[in-house]
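Q: One-letter residues, chain by chain:
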Amino acid sequence: MILQFLLAMTATASFAVLYGVPKKQFFFSSLTGALGWICYLTFFKLGVGTVFASLFATFFLTIISRFFAAIRKNPVTLYLVTGIFTLVPGAGIYYTSYYFIMNDMSRFTAKGMETFKIAGAISIGIIFGFAIPQRLFQRKK
Amino acid sequence: MSDNKEKLTLAVEIGDALLRNGAEIYRVEDTILHILDAFELENFDVYVLSNGIFASANEDREDACSIIRHVPLGDVHLGKIAALNQLSREICENTCDIEEAWERLRQCNLLPSPKPWIQGIACGIGCGCFCYIFGGKFLDSVCAFILGIFLQYMRMDQIERKSSKFMTNIIGSAFLTASSLIFLNLGLPVMQDKIVIGGIVPLLPGIALTTSIRDLFNGDYLSGAIHLLDALLTAMCIAVGVGFVIITYQHIPGGVKLP
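Residue numbers (the numbering used here), protein chains in the order written: chain A, 12 to 152; chain B, 1409 to 1667.
None of the hints are false.
Derived pair list, reagent style EDC-like, types lysine to aspartate or glutamate, alpha-carbon separation capped at 20 Å: (1) B:Lys1665 with A:Asp115; (2) A:Lys34 with B:Asp1483; (3) A:Lys84 with B:Asp1438.
These are calculated hints, taken from the structure and not from any lab test.
Could you put together the complete structure from these sequences and hints?
A: Spelled out as structure tokens, the structure:
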């Protein structure tokens, strides 16, 4: 778990470099991504399935990003965009196209639906995360 | 140039820079409105789309002025967004006059992207780490690391030549799949699928997806739809690149069988 945390942090940090995040915010950006990933893993191990794990993890990720944005006085985008990369269903896209090519229609449909559901879950997670009133974050300064 | 026109131009230029670097619509609109308000213009209005800005001020007076801007979907640079955010905050607090603001805006736009080799290494490390946390083994991560470096150089080259984003994504994912198949056929005990999954992370439309959802949530349906379409097309391009290589591979005699 600790290894996963550190690796997720390094991965997010290197994407933060790619997208030109200011040096002072590296730590917070990567922490966001790592916490999001750990949240996903925890829920996944509890057996709620990939879709709900993504939903909760994105929700959690959005709240952390907004919290950091409030205390660091920077746009939320800085933390959210780099952190979300751990949760975007890249594996889903790969397996969907792979089973499609392999003519494995039952697994193709299953994976394709799962990928769409994960994308939907991420959307709902972000929307719920932003639905929390802004003043709750500002009080924590 | 009249005074008001200059103020409006400055506000729209800042909005333009924000939009170009991947800020969401709501932020751009809000920033422009606040700046215009701080400059004490009257009767102004702004309409922002994900690839254009329309703004006007002093509608009912002699010196009415308006601006239309076309802003192509560009590369994301979050550092510029942070800097511009700071700048607009200072303008709104009136701690920064117009000349200084122009100068600061120019500096913000000149903020450099990281050097090519740093980008390459960063992309490699990112791919390697993602490969591992998505279930790869150490050797797979090393392969993903190497491919990630090449992938980033390829993307930078494509950006420089201004070739279509679709082609970049198709070629990028095709390259990853092909190289991972080569690793597999060299006899390395690798999990080919994990290498590709780690490698395609930099191509994934994470930013487009996030921005589109936030735009939709804020009620900017048109801009949200544009970004959502962008995200879907990117995902499809990745799938096409992967699929194309695997089909070709299946028709080549010999080689390691895929599961």
